[in-house]
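K.L.:
Construct all of the structure, not just a fragment, from the sequences and the given hints.
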Amino acid sequence: MVPWLKNSLVSEQLGLRTLQTENVQKDLAIYPAFQDVSIMVVLGFAFLLAFLRRYGFSSAGFSLFLAALGVQWALIVNGFIFHFSDGQVKINLQSILAAIMSITAVLISAGAILGKANLMQLICMAVVEVAVFAGNRWIIVAVLGIKSHISLMHVHLFGTFFGSTVSWFLYNSSQHPKVEKERSKPASDVFAMLGTLFLWTFWPSFNSVLVENEEEKMVAIYNTYFAMATSAVAAFAFSKATSSDGTFHMAHIQNATLAGGVAIGFSVSIIQYPWIAMTLGLAAGAGSVLGFAFLQRLKPALRIHDTCGVLYTFGLPSLIGGITRIILILIDSQEDLEGMGYLALIELGASCAIISLGLMAGFITGFLLTFEFWKAPPITKYFDDQAFWEFPHLAAGY
Amino acid sequence: MVPWLKNSLVSEQLGLRTLQTENVQKDLAIYPAFQDVSIMVVLGFAFLLAFLRRYGFSSAGFSLFLAALGVQWALIVNGFIFHFSDGQVKINLQSILAAIMSITAVLISAGAILGKANLMQLICMAVVEVAVFAGNRWIIVAVLGIKSHISLMHVHLFGTFFGSTVSWFLYNSSQHPKVEKERSKPASDVFAMLGTLFLWTFWPSFNSVLVENEEEKMVAIYNTYFAMATSAVAAFAFSKATSSDGTFHMAHIQNATLAGGVAIGFSVSIIQYPWIAMTLGLAAGAGSVLGFAFLQRLKPALRIHDTCGVLYTFGLPSLIGGITRIILILIDSQEDLEGMGYLALIELGASCAIISLGLMAGFITGFLLTFEFWKAPPITKYFDDQAFWEFPHLAAGY
Amino acid sequence: MVPWLKNSLVSEQLGLRTLQTENVQKDLAIYPAFQDVSIMVVLGFAFLLAFLRRYGFSSAGFSLFLAALGVQWALIVNGFIFHFSDGQVKINLQSILAAIMSITAVLISAGAILGKANLMQLICMAVVEVAVFAGNRWIIVAVLGIKSHISLMHVHLFGTFFGSTVSWFLYNSSQHPKVEKERSKPASDVFAMLGTLFLWTFWPSFNSVLVENEEEKMVAIYNTYFAMATSAVAAFAFSKATSSDGTFHMAHIQNATLAGGVAIGFSVSIIQYPWIAMTLGLAAGAGSVLGFAFLQRLKPALRIHDTCGVLYTFGLPSLIGGITRIILILIDSQEDLEGMGYLALIELGASCAIISLGLMAGFITGFLLTFEFWKAPPITKYFDDQAFWEFPHLAAGY
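Protein chains in written order, with the UniProt record's numbering: chain S, 1 to 398; chain Y, 1 to 398; chain E, 1 to 398.
No lab work stands behind these hints: they were computed from the structure. All values derive from a computational prediction rather than experimental measurement. Errors might be hidden in some of the hints.
Repeated chains share a single entry, so a pair holds when one copy, or any two copies, can fit it.
[What the hints assert, rightly or not] DSS-like mimics (lysine-lysine), calculated; alpha carbons at most 30 angstroms apart, straight line:
#	residue 1	residue 2
1	LYS381	LYS181
2	LYS147	LYS26
3	LYS240	LYS381
4	LYS90	LYS381
5	LYS90	LYS26
6	LYS375	LYS240
7	LYS240	LYS181
8	LYS181	LYS375
9	LYS26	LYS181
10	LYS147	LYS181
P.N.:
Here is the structure:
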């Protein structure tokens, strides 16, 4: 009936057959969470990036394209690195999930250069980024021995540093002032808020779906939920506190509310008490808003132009989360100081490897993207759908 | 591995261990429905309230804030009232769900005073409302012996009466005419429609998720689905019938389509035949539209200003549902008239308790919110994002 | 406790009781996918059709109404045809699912005549279409022996041919030029993109939810996922290729990305290798865009006016999928040429039956809809919410 699953004779034998049935049931059990993650990546990120006033088509459209293309490429790359045996790449729902989660890095990087690259440049970036991230994961999983699902939580860190470095090149090639088109408008901000609400609600699925042990999975869901709740509260509180006239800033709310989920990713199943998750969410939300409010001023000096603020939405919370994991491991190590110190060192090494490979790969990719070959849009066409999309009526009703 | 679950020595012993594993599997089994309810509350209500032309940021943003803060507060309050033992508050997915469902009351009340309160006032309201509702539930669960999941269905009734009373105070302090900003615009109405469609689709999960018995859960899903379907049909039919020129009114469609789900909540697993559920949905949808169309005129006389029409979306259908439950119990009582009459009395008592406590708590909260201390927005800033949000460009493109 | 399930004495006996419990657990197991399909139909199609600049209310509102009414009517019709026994119609989650999937045909047809019919005409169309499609399914299931869940995949083919024929009548009665109101505007295009992203993400649930065998179900999920991924890539590539100035066309992206899911529906659990699913998705996406770009010119000659392009979004990919299924069966038939050739003939017969019954029923319905009785909107009111909805402020802010 199902030749796909029957195409090796061995599987006809009882033992492997049972194993496969188990796998099928495992896959079916995580299918609802798979759909949560899928809608987060396809719809959540697409709309989170749709905040620019004249860039809604490209934000939503290119995100869908990168997701569709990236998943296929990530499946191939991950397949050859992690799931290759007997001359065949094994595909199951978990490997598709790992591919979907990998392309989060691409979408974060796309956020950093949002409005400044055409689709060909984005494709080139996606191809390099997915491959380097898969190699990176191989290092931290196979060499450093970190669990596979934790290795995927480095995706935010990698995407941020990769994207920011690429952005450095695209900014470098111009000295454009802040333009009208780089701002949001109320309707596009509400669309972005829609993306935020999806990501906020489904983040517990993102952090828990690949956790195998059922108890750990529930703990991951609880911890992420609590961290999201406190980071949303922190985002509002600090947005008001950092404003000169006591108003909220929509960009803070759209992004910093998600910081808790990013930060807790690394430690999602080792955190023992809800208050730790809540404190971490609070710190991440606060750090994210403070980064937006104060570090933003440093960016012209650093020559980085990060349209969507991924450095504060994903980068800073990731760093906070990485440091927290190391601290948690060290605190836990009273009984076995040496062993735990060693584990903490490995975690530190993993994060450093991710950051440095992200920077290096981003540097090379950014350099490649400055070539004439790509026919990059001129600076006057930055942040404008009109460069890429057929607009029957330009003026009317935008 | 998972110290959170291991922190009592007792749980190491076989018996309790097994019990915990069962709990984990129960939690995992309801996780997809948990996400349905979560997206209903976070996204559905946020966008349902986003219909005002200049209030989209506040509707979506403040709803997210109230959800994030309210869940934590509700977990604590519910925890101490319902799940406190051995000096510890037990948290599982069902208690988080009860917390999420409790804050529906807050979001309904926020709909009643939409555009007339700042975030500090909303926080004060949320804190009081969640606590009083939890106390209220304790009365009807522990004293009157009503099932816990049915007690959560009173959330609509409580939120409406609480919010309307609060609204009475905020209206009382002014005599403002109907302003331009209090109207919707086509784009904001489509956003509100998005919220409606989410709520409409996922309402069966809301009504069934905490039903323990699997057969009753399926019955709850079927009944809610049928009631939603007929109330949507009724909303369209009566919207056209009550219009002077045979057109539909968007506010009727956005709200009255949901009346079926509200009305059937109380009786969701005792209704025997689909036609009862369908009739109830029809009555609730019709009642909701008729309330919008005719009772609306009474509101100036009652000095109530209910921006979102929660009285007709949630209040009236809840009353219809409560009465239906009592009738259903009485009809079922042919064999045991006395016992059933007693049960019906208890139901009546529960509803009366909810309404009177909602009115009283709303009265006190409304009075508190009129204090200068809160720096409430002036009437000219009602229904306007500009009072709370940073708007780089006021005129352009709204 | 649950009288609905207890109302026959027989079920008290052990055997049937166990059977029922099994059914309940089966229903609970597919409930998450049920919600995916429900949100696809209610929200995905509603927003996919919301691309017209002045028709957002009607697109979203009427879709909800047709879904709510259509499900009830489809349940009754399907019930009497497929689930009638002992004088009772049996309802379970699978029969509701079949009803929801049946009304996809209505929503596709509504897309073809979008903006040209009032709600009464749509209701008439829905009533006829659901009944004819149910009869049609009875023919291909009971007479031709095609599996029930595969028969539901013909819904796209049926809806397209039915709707296009109806559209021929509504177009026939006028000779209107391309008007401003028939175009999209950026905000409405982003709403339509929202619908696309929902449909794109949840299509694997649509194609797999009624597959009984767990292994086949997983294969259906994988195949659909891969087909969706490649058809999205193809949609972008061919949209750029067919454009005179190398830009993307939003209508292509909104629609052709979904072609893969439509095309693979027929063969979703018999495709053996991912590359077949991917190639099929690629072909469907490409065919859909090419149809939009080139066949569109033929439409005035054919006197068909297909507002939403359902001929290319659903019709063409369905045909490609049907042909592919026949080819796959023939290729598989090396061992048993005669038997397989017979099967292929049956498939061909089923598709032909669907198309011809769709055309015939569409012809009759379209003819009925031209009567004065329906008070159809005049041509000047085509594509305009104002004809059906109360607009307090006509000019402001649309």
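K.L.:
Would you mind marking each hint as holding or not holding in the structure?
P.N.:
To see whether the hints hold, each was checked on the structure:
{"no.": "1", "hint": "LYS381 to LYS181", "verdict": "both (9 angstroms within a copy, 28 angstroms between copies)"}
{"no.": "2", "hint": "LYS147 to LYS26", "verdict": "both (19 angstroms within a copy, 26 angstroms between copies)"}
{"no.": "3", "hint": "LYS240 to LYS381", "verdict": "between (34 angstroms within a copy, 18 angstroms between copies)"}
{"no.": "4", "hint": "LYS90 to LYS381", "verdict": "neither (44 angstroms within a copy, 56 angstroms between copies)"}
{"no.": "5", "hint": "LYS90 to LYS26", "verdict": "both (15 angstroms within a copy, 28 angstroms between copies)"}
{"no.": "6", "hint": "LYS375 to LYS240", "verdict": "between (42 angstroms within a copy, 15 angstroms between copies)"}
{"no.": "7", "hint": "LYS240 to LYS181", "verdict": "both (25 angstroms within a copy, 24 angstroms between copies)"}
{"no.": "8", "hint": "LYS181 to LYS375", "verdict": "within (21 angstroms within a copy, 35 angstroms between copies)"}
{"no.": "9", "hint": "LYS26 to LYS181", "verdict": "neither (47 angstroms within a copy, 50 angstroms between copies)"}
{"no.": "10", "hint": "LYS147 to LYS181", "verdict": "neither (43 angstroms within a copy, 54 angstroms between copies)"}
Hints 4, 9 and 10, counting from the list given before, are not met by this structure.
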